[in-house]
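Engineer: If you want the building blocks of each chain, they are given just below.
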Amino acid sequence: MVLPSEILISMKRIEIVINEDSLGELRELLEEANVRGFTVIKRVGGMGSTGERNPEDYALAENNAVIVLACEEKQAERIIMTIHPKLKDFGGMCLISDCKWTIGPAVSY
Amino acid sequence: MVLPSEILISMKRIEIVINEDSLGELRELLEEANVRGFTVIKRVGGMGSTGERNPEDYALAENNAVIVLACEEKQAERIIMTIHPKLKDFGGMCLISDCKWTIGPAVSY
Amino acid sequence: MVLPSEILISMKRIEIVINEDSLGELRELLEEANVRGFTVIKRVGGMGSTGERNPEDYALAENNAVIVLACEEKQAERIIMTIHPKLKDFGGMCLISDCKWTIGPAVSY
Amino acid sequence: MSLSSLLVPAILFFALGMFACLIKSDLKFPPDMHKMIVIYLLIGIGLHGGKALASSDMASAIPAVWAALAFGIGLPIVAYIILRWLGKIDPLNAAAISAHYGSVSAGTYMTAVAFLAGIGVTYEAYPVIMLAIMESPAIMIGLVLAGYSRKVMGGATKADKGMYKHLLIEAFTNGSILLLFGSMAIGWVVSDPSYKKIEPFFELIFMGALCIFLCDMGMEAGKRLSEFKSVGVFLVSFGIAMPLIGAACGLFVGHFLLGYSVGGITLVTVLAASCSYIAVPPAMRLAIPEANPSFYLTLSLGCTFPFNVVVGIPMYYAAAQYLHETYYPLV
Amino acid sequence: MSLSSLLVPAILFFALGMFACLIKSDLKFPPDMHKMIVIYLLIGIGLHGGKALASSDMASAIPAVWAALAFGIGLPIVAYIILRWLGKIDPLNAAAISAHYGSVSAGTYMTAVAFLAGIGVTYEAYPVIMLAIMESPAIMIGLVLAGYSRKVMGGATKADKGMYKHLLIEAFTNGSILLLFGSMAIGWVVSDPSYKKIEPFFELIFMGALCIFLCDMGMEAGKRLSEFKSVGVFLVSFGIAMPLIGAACGLFVGHFLLGYSVGGITLVTVLAASCSYIAVPPAMRLAIPEANPSFYLTLSLGCTFPFNVVVGIPMYYAAAQYLHETYYPLV
Amino acid sequence: MSLSSLLVPAILFFALGMFACLIKSDLKFPPDMHKMIVIYLLIGIGLHGGKALASSDMASAIPAVWAALAFGIGLPIVAYIILRWLGKIDPLNAAAISAHYGSVSAGTYMTAVAFLAGIGVTYEAYPVIMLAIMESPAIMIGLVLAGYSRKVMGGATKADKGMYKHLLIEAFTNGSILLLFGSMAIGWVVSDPSYKKIEPFFELIFMGALCIFLCDMGMEAGKRLSEFKSVGVFLVSFGIAMPLIGAACGLFVGHFLLGYSVGGITLVTVLAASCSYIAVPPAMRLAIPEANPSFYLTLSLGCTFPFNVVVGIPMYYAAAQYLHETYYPLV
Ligand SMILES: Nc1ncnc2c1ncn2[C@@H]1O[C@H](COP(=O)(O)O)[C@@H](O)[C@H]1O
Ligand SMILES: Nc1ncnc2c1ncn2[C@@H]1O[C@H](COP(=O)(O)O)[C@@H](O)[C@H]1O
Ligand SMILES: Nc1ncnc2c1ncn2[C@@H]1O[C@H](COP(=O)(O)O)[C@@H](O)[C@H]1O
Ligand code: NA
Ligand code: NA
Ligand code: NA
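Protein chains in written order, with our numbering: chain A, 1 to 109; chain B, 1001 to 1109; chain C, 2001 to 2109; chain D, 3001 to 3331; chain E, 4001 to 4331; chain F, 5001 to 5331.
Hints were generated in silico from the structure; no laboratory data involved.
If a hint is listed, it holds; no wrong ones were tucked in.
Below, a list of computed lysine to aspartate or glutamate pairs in the DMTMM-like style, where the Cα atoms sit at most 25 Å apart:
#  : chain 1 : residue 1 : chain 2 : residue 2
1  : C       : LYS2042   : C       : GLU2056
2  : C       : LYS2074   : C       : GLU2032
3  : A       : LYS88     : A       : GLU28
4  : D       : LYS3035   : F       : ASP5032
5  : A       : LYS42     : A       : GLU52
6  : D       : LYS3165   : B       : GLU1028
7  : D       : LYS3223   : C       : GLU2028
8  : E       : LYS4229   : A       : ASP57
9  : B       : LYS1042   : A       : GLU52
10 : A       : LYS42     : A       : GLU62
11 : A       : LYS86     : F       : ASP5026
12 : D       : LYS3035   : B       : GLU1020
13 : D       : LYS3165   : B       : GLU1020
14 : F       : LYS5196   : E       : GLU4203
Predicted model only: the values in this text are computed from it and were never measured.
Work out the full structure, taking the sequences as your base and the hints as a guide.
Structural biologist: This is the structure:
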């Protein structure tokens, strides 16, 4: 990509899917890891090792939440190390990939 | 990244956007391909070759669904080959990218 | 990946998170940049440089929107250059990463 | 009919909604609220109609059914011809728009009912059958017009058989049509004491709930108004002329052929003059994906609906009154 | 009891919902609408019950409490035995399903109330206490059965203490139970003039709102019907036999032990025959994650609920009438 | 005023909501439900007020308008001084919090109306005008205080002209203010027979719907209570002292300057004592992004609102009664 590096910086993108009820706990962990920015999508469904989860189910509505966060590599390591031991309680999944952050108004990573 | 490979494994991330009505059919295809985990976001809007789709439209509410799934490379190939011939009916799009999966409680990929 | 290149083509994935109120303005910018396809998730929450945003808050419901779009590299550059100067007003973030597009029914990128 | 009779709360709330949109207020109703009120109103109107029909002479309902079918088939053809020859609109957009005018708007119908209730005018039980019947033939004639247009345009007929079958089924299993017919049937069969139990919910508070619905509709209409530019002068004029043509047919049929009272004629006229925004748009989107939805939605929601609600209904009522006093019906 | 007494609007709307599902209509109510109506109905039934209890003799309520506890504990054990020995169902699924049958379905109870109201039959104030009480013991007995099953199956007992405590608390802080008890308490304490102010909302329009609720339930039941195949013949039969067993117990207790009127016996019978779909499913999902939710949901929503609503209630009423006319109660 | 007069259902439901939150129940109302009920209640209160005003002497409304403006401007200044000099709160947070206290809480107002209705006390038509008027000046004085604070703090004035204009417009086009004024206008102009048609929806079932609203508010207040620690002792005390100061002003103005009845004085007092949580928070978030929303939201929803609903209203009523019996008004 020919975009100048003043505009794009290399970062990590972390994508976590957990039970919406565990969101509060996860947020505390993220705060511990000094995370300053993340995005949360609620009322999400899915299928995993514990079966199907459907937020629109009539009698058994179960919500997942997707958390997306972009951060620097070092920060990503810290987050993974903080979250990893707790993933067992949260269920769900945690993915990491490379991305480029477009430098914008304020630093929120 | 210096994170140990006991924690992170290389995987593929597949992201599909389709008409929410076709979700049932897609899920059957995914089951055929032995997919054990995926995440579904409903009530999603968008723009594509068939024009705009807006779930909050007054008279013409049209919903997309986003399906995100992480899986091993081989599995990804199988999924793409299974879905590919049907994409025509589903509309929408299907993206694949590299990611790392944080080893957690249970294997749901 | 051994999938044939008739099925997969290399593309860029752009993921933007902004205040839902700025969605209209962003869409105009995207149209200017000749974007033909994108996906929008509304009613999204998050945390950033301007504090927390929670669409379910009782008295202060604030919505973000996530826009995901896949496009060719050149197009991605154009989009970034168009959006970049405006990011200040939108707040939020804009990430770019590599992905592969599964060739489907129609070209909507 | 004095000016104050125009001050029907439902219509004032419609105006409030449009006003909110005009001054760019941040007023916004949750999208699901709209869906819920529509469900409630459709059931309410169905139950009420069914109950009224149960105590009516059913033989007399037959002409209403014929009239509904005639409107559903005839009006789209008229609309199509006007759009094609006068407006030079391309065939597929013309077909999609036309289908909407053969159908009806339950919202306009309910506003007319509120208007008549406000001035204390009674009406026959039959127009509600027409309301329930008219959506389906309009969808089907839309399919026929689209098929014809595709043939005219030459090239691949592209008539996807499976989709047509799907749409024909859809024309009868459509949620709102089903709700209307279903609750009409329920209103018909339940005993009076049973009906009394559910009447407070479906009748007593109906008019108030209608106000909230129309306030929401007003905001939507206001939003659509801003798209007038992209739709063009001809189509906007069509959106006002077509309900007038429909109204003329409605007045004629309602008075001369059906021989209804002033209230009944008004309702028949409103049905003929109104234009669907519930069942037809999704059907046309599926059947004629080449047509531009912003055309038919802007016409239906931004043009014909507000015209009927604000100007049309009192006008049709005045015309019905005039006809009723001046001419004898043919039946 | 004539046939027309079966034409209760609420039940007809249930049928309409099932019909919509059968013909694959695209009718769909917003998911939040269902949640809102449930909140409203639970409060309404609680308030009404609390008000009725306030003017009743509270000493006479004690036997109802005992009966509720007996049902809540006894019926799941009966169900468990049948499922294990007759059906050879694996222990954990059997435990999860059983728990549902010790609990009650507020929807079925309200339909029964609508049915009695429709034919003008009065009833005691006490069954509503039973409704509120029965969810919690059923959840607890479900936990006990699950623990027993795990022991029987040998291996790691896997009894996560923390989770059990969590579930016990949950059995009492559960939202719907709280809403029911809370509004019952409010109905109890408020003065008559105060109650009159909120009565129109919670009583006058109650029966109509119930219709919309049951239409939605009908669609859900219809959807679940399609999963009968994956559930198997035995479980489907169980879903019809178990309410009959519960009903027999209910009839016996209601008439002989509690000595209620025909209306009261009918309600007690409905409570014993019905099967939870509100508080118990999430509790069992947490307590017995190994059990397949599609089993207990299909049984509860697709089988026992429609059976009770369509066939059960009038049958239980007829049986209650017969008992009442034929035998003296034991009390 | 006996103890039982405190057992207003609406207030009991508020307590139930707080209780649910305290025992950590999983009770949760859908977020859209709250928005819908607020829309309904605002329209209902507007219509009712408009109707009452239509039959009132409008000249007598002028003093109420002046009083509303005085409260809207005066109370925030008082609050700002207290917060800055007594509490050493930083200027921008002080400005943001102050603005809330110049405005009103429609929920508190409606609870007061329910309270008065419960004990059968009548009131003037004018306080509802004050309710509608008071949001806007409070927002504007908030902007002024913020500008002053920024100047005091030195540095870049950062006064973004565009944003200020935007906020001034917003102060008048705000959805809830528009809904209140709009429905007030509609209530004013519609004829009595027309109003009768929508009265069941907007008046008859109003008090019941208010109960559900307050139950939800109770849960929200309960949630906010848990944030008391992060807000600090001074601010929590301020959240109770400030409504008392406002109430004192309200009592004085309502009795001596406006000369209202006991019911009217109570409502004026409630308006002065209450604190916005609808229109002001989003305006302050935009105008003073540096201020911490958890401060003003916790004060408004977790502190002042519950205080007013549970303790304040009966207290203000008692004080109004005392004043009315003891002193002559000045007018
Ligand atoms: N392989 C996967 N790909 C995408 N989402 C997943 C995957 N595995 C689990 N999830 C999500 O995580 C949630 C909980 O997973 P689990 O705890 O394994 O049941 C599921 O409901 C999915 O939404
Ligand atoms: N290039 C793209 N990037 C992101 N989303 C897309 C893209 N193209 C299509 N979509 C999504 O797929 C949906 C259906 O696309 P289509 O079938 O092309 O109309 C759209 O409504 C979008 O939500
Ligand atoms: N580092 C980040 N990762 C993910 N989302 C972010 C990040 N920073 C900001 N956001 C999103 O962008 C929104 C606005 O950010 P801001 O304008 O910085 O307050 C936030 O509410 C988040 O949803
Ligand atoms: Na028509
Ligand atoms: Na039972
Ligand atoms: Na105030």
